[in-house]
Amino acid sequence: MNFKKQKDNLESKKQNKKPAVPEKKSSITGDWFYMNPKETPIRVLYEAIKSTTDVELWETAGVMEICLTPKSSLDFEEMKPYFRDPAGAEFLSKHQIQSIYMVTFPGELFSNVTPIFDSIVSNCGGFFCADTSDFYPKYPK
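Residues 1 to 141 (my numbering) are what the sequence shown spells out, left to right.
Treat the hints as calculated values from the structure; they're not laboratory data. Just to be clear, a hint being listed does not mean it is correct.
Calculated lysine-lysine pairs in the DSS-like style (CA-CA distance at most 30 Å, straight line) [what the hints assert, rightly or not]:
(1) Lys94 - Lys38
(2) Lys141 - Lys80
(3) Lys80 - Lys50
(4) Lys50 - Lys71
(5) Lys94 - Lys138
(6) Lys138 - Lys50
(7) Lys141 - Lys38
(8) Lys138 - Lys71
(9) Lys80 - Lys138
(10) Lys141 - Lys94
(11) Lys38 - Lys50
Given the structure is predicted, the values throughout are model-derived calculations rather than measurements.
Put together the whole structure using the sequences plus the hints.
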């Protein structure tokens, strides 16, 4: 067996191999809030989207899960409209927020959740904003 020939073949294969391109990471995080200056029970959000999505509601717990793919979901969890930090409390006061939900989903599926966001905002009012120090990005803009 000719080992030099085998080694040369391996070297040529390595040289022809293209370098791996790193996957692009989404700049959108999957941690958001839904806020509304009106009192908005989770049942109202559910009614706004139930006909267009695969959704489960646990009304007593204040939780709603919307299936995005077989292994991922868009989750809503009711919260008290309160933030400990002064900037967050000021934001809630400035926007007169009465209802707030923690909203989580895989960040790379942002384009999948925007139609659901649109449906909720058009039927219930309010807005979505990122769980960041300045609550941006905001949806709708």
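Can the restraint linking Lys94 and Lys138 be considered satisfied, given a maximum Cα separation of 30 Å? 15 Å, holds
Given the hint that Lys138 pairs with Lys50, does the C-alpha gap stay at or below 30 Å? Holds. Lys138 to Lys50 sits at ~24 Å (cutoff 30 Å).
Below or equal to 30 Å on CA atoms is what counts here, so check Lys141 against Lys38. 19 Å, holds
Holds or violated: Lys50 to Lys71, with C-alpha atoms at most 30 Å apart: 19 Å, holds
Hinted pair Lys80 and Lys50, Cα distance within 30 Å: 24 Å, holds
Does Lys94 pair with Lys38 here, judged by a C-alpha cut-off of 30 Å? Since the Cα atoms of Lys94 and Lys38 sit roughly 14 Å apart, the hinted pair holds (cutoff 30 Å).
Does Lys80 pair with Lys138 here, judged by a C-alpha cut-off of 30 Å? 20 Å, holds
When you check the alpha-carbon spacing of Lys38 and Lys50, does it fall within 30 Å? Given that 30 Å is the threshold and the Cα spacing comes to 21 Å, the pair holds.
Between Lys141 and Lys80, does the CA-CA distance stay at or below 30 Å? Roughly 24 Å between the alpha carbons, so the hint for Lys141 and Lys80 holds.
If you draw a straight line from the CA of Lys141 to the CA of Lys94, is it 30 Å or shorter? Status holds; Cα separation ~17 Å.
Hinted pair, alpha-carbon criterion (30 Å max): Lys138, Lys71. Please report holds or violated. It holds: about 26 Å lies between the C-alpha atoms, which stays within 30 Å.
Violated hints for the displayed structure: none, as all numbered hints are satisfied.
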